[in-house]
Each structure stands twice: as C-alpha cells, then as structure tokens.
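J.: Keeping their order, the protein sequence lines are chains A and B. According to my numbering, the stretch in the first sequence is residues 1 to 230, in order. According to my numbering, the stretch in the second sequence is residues 1001 to 1322, in order.
These are calculated hints, taken from the structure and not from any lab test. Ideal placement from N, C-alpha and C gives every residue a C-beta, glycine not left out. Any given hint might turn out to be false.
Derived lysine-lysine pairs resembling DSBU-like cross-links, with alpha carbons at most 30 Å apart [stated by the list, open to error]:
1) Lys-1028/B <-> Lys-1170/B
2) Lys-89/A <-> Lys-1123/B
3) Lys-117/A <-> Lys-1028/B
Restraint-style ranges between C-beta atoms, simulated for each label pair [as the list claims (entries may be wrong)]:
4) Gly-63/A <-> Ser-1224/B: 56 to 62 Å
5) Val-1037/B <-> Ala-171/A: 40 to 46 Å
6) Gly-140/A <-> Leu-1220/B: 54 to 60 Å
7) Val-1211/B <-> Ala-71/A: 25 to 31 Å
8) Ile-1208/B <-> Asn-167/A: 44 to 50 Å
9) Asn-65/A <-> Val-1211/B: 38 to 44 Å
10) Asn-55/A <-> Gly-1203/B: 55 to 61 Å
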Amino acid sequence: MIQLHNVSLSYQQDASALNNIDLKIGKGEFVFLTGPSGAGKTSLLRLLYGALTPNSGQVLIDGQNVTRMSASQIPLLRRSIGVVFQDFKLLNNRTVFENVAITLEVLGWGRADVGKKTMYILKQMGIESKYNLITQRLSGGEQQRVALARALVNDPKILLADEPTGNLDDANKNQILSIFKEANIRGTTVVVATHDRRLIEQSHKRLVTLNKGEIVEQMEKETASDYQAP
Amino acid sequence: MNKWKKKQPATIKRLKRPALSGDVFGGKAGFYLARAVTNIRQNVFVNVVTIGTITLALLIVSLFLLVYVNIESAAENWSERVQVTVYFDKELTGLDQNAFREKILALPGASRVSYVTRDEALKRFKVRLKGQEAILEGISPEVLPTSFEITLKRSHRDTASVESFVTALKRIPGITEVQYGEEWVRRFNSFLNFMRLLGALLGGFLVIAVVFIVSNTIKLTIYSRRDELDVMALVGATRFFIKAPFLLEGLIQGMAGSVLSIIILYGLFEGFLHNAGNFLTFNPVSSGLNFLPLEYIAGLLLAGALLGFVGSLTSLKRFINV
C-alpha cells in the first residue's frame, strides 16, 4: 500500500530531514512511527499525502508514484487518504457537521447523502449530539474526534495521524486509539506518528523508529496481519 | 472569532445547497454561489472591511473622474471662443455673402459661418459699452466693418490647426483682414494640455494606489482564512473547487463596493457639488457640474467587479499550495 524507496528530503541546503528511507507498509497494516522531535516523522507523513516532494527517491501509494504526480493529481490522491493532526486543523467558526461534511462535498456528494453519511460517522465517534456546535466550544478530545470523523467519513484507504494524542488526556487517548483500531479492522491502513511510549506499548503494533532522518529500528508485532518485511 | 461566536444561532442552519448531481454545470455554479454567500454571512466583519475599502477607493477615483469630466466639458465650452473673424470694409451683397460662405465652409475645419452686418456690429458694441452708451452717440454704423465669424470644428481648435486654417483662409481672393486672437488661442491650448497631463498623472497614480490598497486588503482577508484553504486542500479539493467560491466572493465584494461608491458619489453630488461649479465656466448657460456620464458609471461598476475578482485571483495564487 505504501512504499518508499531511497527517499531523501532536505528543506534547505543544510541538514537533511530524511535520509535514504526505505519503507514498505502493507495493505491493512497498523504502523507507529516514533522517534524524538525533529527525527522526520512529520516530514515522512507529509510525503505520503503529497504535501512535500522528496529531493530523491520514490514514494508509491497504492501503486501510484506520488513523486511523479502533477499538481492536479494530488487532490485525487488525497481523497483516498485521511489525515489528522495534533492541533486538529478544524475550521473554528464552523459547526461540527460542516467540518465533517466538507470532505464529502469536495467529492461531489449530493446533499441528502452528505447529511446521512456525516451523521452516521458522527454517531460512530459518539459526538452526534454536538453536530450543531461550533468546534471551538468542544473539548480537545471531542475536537480530535471531529477531525477523525472528517478523515474517515469517506472510508479512506489510508489514515495518517501526526501526534494525534499530543494534546489529550489519558481517557481521550484511549478513545482515539480505539477509533484507530476500529478503522484498521475495517481495512484502512493506519500510520500514526507519535512519541507517546504508552500509546505504542498498549497497542502491540508494528513500530518504526526514526532518528535524525533515518530508520534506526523496526519492531514487528505478532498482530500485524499481512505485513511483508522490507 | 468571538464576535462571530455570539452571532451563531443555536439551531442548525438548514442546508440550502443544491445537490451536486455530477456534472450539471448549473448545479455546480449554484453550489459555488451558495458557498460564496455562506462565506460572506459567516465572515461578516472581514467582508464589511473589504467592501468598505473597495467603496472608498472607488469613491476617490470616481470623485476624481467627476472633476476631470467637468473640467473637460468646461474646457470644451471655453474652446467655443476659438473663433476666426474676417473683416470687410463694405457691406456685402447677398450674392457675395453666399459666395464667401461657400468658399469658407469648403475649407477643412470650418464648422459654422455667420455674417455680421454693420447694424449688428453697432448693436454689439453698444451692449459691450453698457452704461456708457453716450460715447457712441452720433456714430453711424458706417464707421464699423462688416465681418464673417467662423467657428471651428472641435478637432481644429489647437494652435497649429487654427494657424493653418487662417493661412488657407487668406488665400481666398477678396479676403485680406483676418483676426483670431493668436495669443489667447496659444495660451488656452497650452493650459489645456497642461491640465490633461496633470489629470493623466494624477489619475494614473490614483489607480495604482487603489489597485495596491484593494489587492492588499483582499490578500489580508484571504490570509485570515488560509486554514480553510488548507483544510479543503487536505481533504482533496481541486484548485478550482477551492478557488471558485472565493472568486465569486471577490466579484460580489467588488460589485457591492462599486455600487455603494456610485450611490455615495451621487449623494455627495446632489448634496454639495451640484451648484458649486459656476466658477468653472464662462458660459452662463451651461453652469453647474454634470454627473458622470453613463459609460463612466458602467466603467466604474466593471472596474469594481474586476478589482474584486482579480484581487482574489492573485491573492489565492499565493496561499493555495496543493
């Protein structure tokens, strides 16, 4: 599902953010990316949804070469990828419903279908009663669930998460983690970048450790289903 | 943000958007328009600032245009005084009059020719010496010359054209004495050219300033909503899908601004400027300022719409990095 071959990336001439990364993530896998701040976790995720292009190497998503995509193809790629962030990136002056519905509107769904599907995913996230609240008024955990609803509402093939629990307390962390797991069970490939040790230990999933732009350690968990070693 | 929060109604707004039924253009256009209108409603403050800026900017331009147009028309009136007079020391017969009239009108640039008899000349003289008519007592009309007064076409009122017209006029046999207020014509035309240059310079600077101010305002308003652009790009919206509502919003802002500026200008005109123009013209018949002609108003409306649209377009380019 996700393949990186010899990927290198540097923002300016100075230090390189990623250095010769080789990584394969199979369909339906659940992978944690970890490592200290500045290790390159965020950069790696940004490569996957086409927000960055590497200086060298290839990035393949579902058989498609992201590095060769034109600017007009990137939006199509992103429609099969859900992304959540530590700071949620919600539209603060919009309602919960509007924040989630935007994903489907972009895809050109009809109004009735958008309404049904959005309410369905909000119910799954347990926030359907707050559909008409401005996201600013929600707690951190609720906001992250709105962001997750936005990412998952069109059943993406891949879910990317960048420090999704960084701003949350333990109870909320567990809730978010179980949403990730559920999505994974339904077939979505999940990649979570985090340096939250506890989250990783709890979940028994494959772990890729980055440091200074290089993969320094890979640990496989028995629960990883159809994972093929690179 | 907080301002907005208070205004948010407690119940969900009914979604008025039409269904996006695939590739029906009308459906999509309606969707984008509905989105633009929703955006304006949800960002009232920002929109008021933008429309206000466009209104003020266009008001300054249109005020300038108003003054310019009126000075031009006043100059037009003054230039009526560019007149060439041919004097004769005898009264012409009707036949002679017609013969001269035909020959003069055949010259390029001649617009109107009128014959002034001795009696008419004396009458004018008396009018000019109003209050001191006693001086003219006992003077018979025979002392005064008869004359042809020739008005020139608009395109032939500049110094060079007047001079060449006079040269051609003098070639007509029988015409010897020609007067045309040489110095006045020269001064008037150089004054007119100076005014036009000044107008073009001022107008040019004004337009540059207006474009700069409006485009920066729009840039700031779009900058304040860049998270929206980011989110749309994140969930896979195409560039056009992201841009279209913003462009429509810009168009609406521009049109609203230009309509408002014209309304305000008209109000100012009716209120203050209407009667203030007497000093601009020598001709009492056409005193008073005129409002902008229709084509200028149409131009201003178009300029406003264009300003909003192009301003949004260029600003979006900077913030959309898909």
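J.: Would you list, in rising numerical order, the hints stated earlier that this structure does not obey?
T.: Per hint list: 1, 2, 4, 6 and 10 violated.
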